[in-house]
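Construct the complete structure from the given sequences, taking the supplied hints into account.
So you can see what is in the structure, the chains are spelled out below.
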Amino acid sequence: MAIYLTKESTVLVQGMTGGEGMKHTRRMLTAGTNVVGGVNPRKAGRTVDFDVPQCLKGLGGAPRAVPVFGSVADGMRATGADVTVVFVPPAFAKAAVVEAADAGIGLAVVITEGIPVHDSVAFTAYAEAKGTRIVGPNCPGLITPGQSNAGIIPADITKPGRIGLVSKSGTLTYQLMYELRDIGFSTCVGIGGDPVVGTTHIDCLAAFQDDPDTELIVLIGEIGGDAEERAAAYIREHVTKPVVGYIAGFTAPEGKTMGHAGAIVSGSSGTAAAKKEALEAVGVSVGSTPTETAKLVLARLEGR
Amino acid sequence: MDLYEHQARELFEEHGISVPRAEVTDSPKEAREIARRLGGRVVVKAQVKTGGRGKAGGVRLAADPAAAELTARQILGMDIKGHTVGRAMLAQPVDIENEFYVSYVLDRAAGRFLAIASAEGGMEIEEVAATRPEAVARIPVDPAEGVTSARAAEIADAAGLPPQAVDVLVRLWQVLVREDALLVEVNPLVRTKEGRILALDGKVALDDNARFRQARWGADDTGHDDPLEAAAAAKGLNYVKLDGEVGIIGNGAGLVMSTLDVVAGCGARPANFLDIGGGAGAQVMADGLSVILSDPAVKSVFVNVFGGITACDAVADGIVQALETVRLTKPLVVRLDGNNAARGRAVLDEHAHPLVQQVTTMDGAAARAAELATTA
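Protein sequence lines correspond, in order, to chains A and B. Using my numbering, read the first sequence as starting at 1 and increasing by one per residue. Using my numbering, read the second sequence as starting at 1001 and increasing by one per residue.
Rather than coming from a laboratory, the hints here were simulated on the basis of the structure. Note that the Cβ used here is the ideal one computed from N, Cα and C, for glycine as well. Mixed in with the good hints, there may be bad ones.
Stated by the list, open to error - Stretches of chain B that chain A covers, calculated by requiring three or more beta carbons in the stretch to come under 8 Å of a beta carbon on chain A:
| # | stretch |
| --- | --- |
| 1 | 1084-1091 |
| 2 | 1110-1122 |
| 3 | 1142-1150 |
| 4 | 1155-1163 |
| 5 | 1229-1240 |
| 6 | 1336-1343 |
Claimed, not checked - If you want the ones that stay clear, here's a sample from chain A, every Cβ over 12 Å from chain B, calculated:
| # | residue |
| --- | --- |
| 7 | Gly18 |
| 8 | Asn40 |
| 9 | Arg42 |
| 10 | Asp51 |
| 11 | Glu99 |
| 12 | Arg230 |
| 13 | Glu292 |
| 14 | Ala299 |
What the hints assert, rightly or not - Pair by pair, the computed Cβ-Cβ distance ranges are:
| # | chain 1 | residue 1 | chain 2 | residue 2 | range |
| --- | --- | --- | --- | --- | --- |
| 15 | B | Gly1051 | A | Gly45 | 53 to 59 Å |
| 16 | B | Lys1029 | A | Arg42 | 57 to 63 Å |
| 17 | B | Glu1194 | A | Arg236 | 52 to 58 Å |
Here it is as structure tokens:
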């Protein structure tokens, strides 16, 4: 078990034939991901050869010829894919996600950075109505170590284990994955730092709470919005597993003000201190540095 | 990017929302001419991207063109919360009967835009929202449907706005969508003694991610008042100047924010935020170092890189190459961890630059950089 992504997952890559798409498809294959196709209407019918290190054959990796399909629907029909990873440029990302949702895919992982917020609002609402889960946008994706990697998270810095991790930040995720590599992770989800994201901290908390392979949850947040405060309220009501948190941005400069309206909506200052306080109030141990956070995880696991 | 009031006013007018007659100037002499054109009596309003300008004396009534020139002379160049007033807008005064509040703003938690409206507009809307939330209507907007006349009527009704506000609500939504705005706010929306509905003051924040399809509000305003920020922006660096003495370079926004916190926790102040991204190559490292070293407040520099997709040996090669083009004048503390950490550290050890020292942990390296900065 794990959340959202397992070794059974079959993965399409939208934008596979671009520079980033090629580089990361190879990395995904190397990590054992079952990448079954790329999507590019102008290159449909071709195949792309990926040179995947032999040593990982046991994990499903091997030199692979990956077919390119003209649409997500074609790719799903031919391969039964249930996950898509989106690398297409910002201007085309909305159309790509809508296409994937129309095809009925279960999970769309949107790596693309710099998508206009109006587009994200539109495609997250659209996907929700169609029953497609979105992770991202502007995120590193998610990894279930030893099973599958959908996105750009380095797979070789950690191993399978019993910690579930959800984070707004990419490199902080990697830092914690690395610090806790001896214990390992069930699934790590980088939900992305954009103002509007498809999958939230709360979605991941709920999934980790229900995942028998996850013993402890690490939650990484940063300044802005009130997602961490909402996560704290959710933890109080619904999460019985231990949660360890880390918040970045205590000394970061204030972001641009959103006028009167911003403060009215969030009902919170969005500061790191407010988030830490909200999490600690519901029993979450919050580290003051990433390393201290890793130590808190070890202490909580030993205390069980 | 936030727009100035006069830019917001222009957008409202283009989309058919009534606004008072007004013109913008940076010259007191021209202010006199404008006042004459507008009928003599005018309101002179400082154009700054911050709130509280009324209280700071940045909004004043002038009785005639001569007074308008004098007032413009006083307001231009004024400092309002650290913002220097470069331009003033002169507007025809309005006889106000009622003041309302309307806005569309992104509700991050819901992932939707939210209409906010109140029959009690004016300066104190935040206080109204806090003390009497029932006086402020909040209605989420379905992105597929948008704000139709029916929806606008619902919003106006919930907030107790007059029927003429329905049209404003529809047009304001068009401003939000067509301009890729994250916030459009009219405060106050007024009903004049003659019964007209006018947008008296407005605020618009645009989405920087949408610049590729919104060429209009281009390079004339990058928002970098600070020369170091401007220099960094010219090199394409994601740099923010802060008031400290430890220069910071890291990869990934979250890790850099975390680095600032850890340095601050060691009793020193970070001099900047600089995220060089996942690649952390030689060129971006050299560009980053040169910007940071040109900051006279910097006493030490902390390079904090986690080697993920780009492994530590590649990052170390980048640092060595950068040091060939940038003359190091301050001590540099490097923490490399992650993939190929041992090889990366060996590369730097071999290079043996007298001002470069390595500490293997992030907390330890931050403490070292802080110590170097505070004892220097």
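Now for the hints, and whether the structure bears them out:
{"no.": "1", "hint": "1084-1091", "verdict": "violated (count 0)"}
{"no.": "2", "hint": "1110-1122", "verdict": "holds (count 5)"}
{"no.": "3", "hint": "1142-1150", "verdict": "holds (count 3)"}
{"no.": "4", "hint": "1155-1163", "verdict": "violated (count 0)"}
{"no.": "5", "hint": "1229-1240", "verdict": "violated (count 1)"}
{"no.": "6", "hint": "1336-1343", "verdict": "holds (count 3)"}
{"no.": "7", "hint": "Gly18", "verdict": "holds, 16 Å"}
{"no.": "8", "hint": "Asn40", "verdict": "holds, 21 Å"}
{"no.": "9", "hint": "Arg42", "verdict": "holds, 21 Å"}
{"no.": "10", "hint": "Asp51", "verdict": "holds, 17 Å"}
{"no.": "11", "hint": "Glu99", "verdict": "holds, 16 Å"}
{"no.": "12", "hint": "Arg230", "verdict": "violated, 6 Å"}
{"no.": "13", "hint": "Glu292", "verdict": "violated, 8 Å"}
{"no.": "14", "hint": "Ala299", "verdict": "holds, 17 Å"}
{"no.": "15", "hint": "B:Gly1051 x A:Gly45: 53 to 59 Å", "verdict": "holds, 58 Å"}
{"no.": "16", "hint": "B:Lys1029 x A:Arg42: 57 to 63 Å", "verdict": "holds, 59 Å"}
{"no.": "17", "hint": "B:Glu1194 x A:Arg236: 52 to 58 Å", "verdict": "holds, 55 Å"}
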